[in-house]
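There are 2 protein chains.
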Amino acid sequence: MGIQGWMRVEVLTVGRELLIGKTVNTNAHWIGGRLARMGTRLSRITTVDDDLREISSSVRESLRRKPEFMVVVGGLGPTPDDMTLAGIAKGLHRRLALNGEALRMVRDHYVEMGRGDLKLTSARRKMARLPLGATPLKNTVGTAPGVRLEARGTIIFALPGVPREMKSVFRRSPEGEIRQRLGRLHTRTVILKLERIFESTLAPILKRTMKRYPNVYIKSHPKGVEEGVSKIELDVVVVSKRRADSTKISEMIASELKREVARAGGTVLSTR
Amino acid sequence: MGIQGWMRVEVLTVGRELLIGKTVNTNAHWIGGRLARMGTRLSRITTVDDDLREISSSVRESLRRKPEFMVVVGGLGPTPDDMTLAGIAKGLHRRLALNGEALRMVRDHYVEMGRGDLKLTSARRKMARLPLGATPLKNTVGTAPGVRLEARGTIIFALPGVPREMKSVFRRSPEGEIRQRLGRLHTRTVILKLERIFESTLAPILKRTMKRYPNVYIKSHPKGVEEGVSKIELDVVVVSKRRADSTKISEMIASELKREVARAGGTVLSTR
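Sequence order for the protein chains is A and B.
For the first sequence, the numbering used here puts the final residue at 272, and the numbers step up evenly by one.
For the second sequence, the numbering used here puts the final residue at 272, and the numbers step up evenly by one.
If you're looking for bench data, these hints aren't it; they were derived computationally from the structure.
Computed from a prediction, not measured in an experiment: that's the story for all the values here.
Just to be clear, a hint being listed does not mean it is correct.
Treat identical chains as interchangeable: a pair holds within one or across any two.
With a Cα cut of at most 30 angstroms, we get these calculated DSSO-like pairs of lysine-lysine [stated by the list, open to error]:
no.: 1; residue 1: Lys119; residue 2: Lys193
no.: 2; residue 1: Lys119; residue 2: Lys241
no.: 3; residue 1: Lys22; residue 2: Lys167
no.: 4; residue 1: Lys66; residue 2: Lys90
no.: 5; residue 1: Lys258; residue 2: Lys207
Using the sequences and the accompanying hints, generate a full structural model.
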């Protein structure tokens, strides 16, 4: 099923709130959307608890899959449940050490908030204790710096979990580096809304189309039955090095699908 | 960090829409909330693409962590992008085979919709091709049955990805079996809303509390700064075999924390 040449990018979100039905994982969703707009996509999202062993083993497991990038989100703060950096260090068999640049960032943030009087207690210094070899990434919105490090051919970014901070740090640094590595690919998505056709009737049509166009991905989303009429949404995604190609191919496929769906008794309501 | 005696339950959600920023993973969130209300919690959520190798390898990796239960969601339908059962079968080195009971469920569903005339094409039969040794779970809302199977000590459930169908199948079968295995545990969560205290000031207070009460979990959620005032939400979770114990302990901790936060210059706004 495949568009060739995808990079492997994994997201690891850390936080019990994501496992107990308290918080919906909008951070992973947001990062997935950013990558999709760049013309690539996430390979995997993993969510684990605020637990040293869970974090370290999931980092190790991810590295075994050899992603180009791993983006770890959450658990960079000063409280005892924040243990992402310790987990990454454990997973990589590295020590944590106080990083001078990170400590300056933490101190500067308190100064900017008009609280330069606050002592750099061990809880505050913890935000500047990074795995050996890591560099801090400036967080202009909150206190805890982001982190960048390389291990076994993978570039690992650790970002704060507060969505506003996560987005700000992601845009400042990981995004540019991922985009640079990726080069330029153009993605074109056409959405078809179908009625009066069963997914099971549609299945062989999609199979034939995807066989004819190997660099095209078609995903079918059944939207259930409304007022006795079955509804389906189809995403047709074409990725290509040239923008003109992806537009042309997606238009060809859309018109072919419309014809075939009509022949099977269904209706294509709209395309956008 | 820890409450002893948790079961390990993992969720594997399958679907490209979750990786490209199209759909927020509300299914995993909903299952996480159900388990939390039963007094246990998810250990991990993994999200992978509609891709045979990704699905099979993530199933194998999950089994290595020896969860009591694995709940796989999505990819049970008739279209070519639905390949969860093939992925599970590959991961377990089992064959897929047409299951008579599952086929009856699929046929019955078309009959109930007044479409008993539809031929059981290969796309429709695909929904009844289960890994060897699996049993189908009735889906009263949609066409594709759920699936239950056991492998290497883990009970695996596969549920359809349409939220309404997922919830219906989950409530009919996995929920009861998980609850039975779990026995009865009582969870009590107290939420404290704090103002005018830095997370980094709070950190040593939480550390002391969690040391004193090893079966209590405290999670701190920084809510940012509003109108110059820093806000934090604290979840205090107590799990116990006896309801009275968890209530008593959570009240003790809440009043201790209120006292300590006040001593550090902060305010506890509300508890619920």
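Taking the hints in turn, this is what the structure says about them:
Taking the closest pair of Cα atoms, lysine 119 and lysine 193 come within 30 angstroms of each other only across two copies (24 angstroms); inside a single copy the shortest separation is 59 angstroms, beyond that limit. Proximity of lysine 119 to lysine 241 under the C-alpha cut-off of 30 angstroms is found in neither arrangement, the shortest distances being 53 angstroms within a copy and 42 angstroms between copies. When the C-alpha separation of lysine 22 and lysine 167 is checked against a cutoff of 30 angstroms, the pair qualifies both within a copy, at 21 angstroms, and between copies, at 17 angstroms. Taking the shortest alpha-carbon separations for lysine 66 and lysine 90, both the intra-copy value of 18 angstroms and the inter-copy value of 22 angstroms come in at or below 30 angstroms.
For the identical chains of this complex, lysine 258 and lysine 207 are intra-copy neighbours only, at 15 angstroms inside a copy versus 62 angstroms across copies, given an alpha-carbon limit of 30 angstroms.
Consistency with the previously given hints fails for number 2 only.
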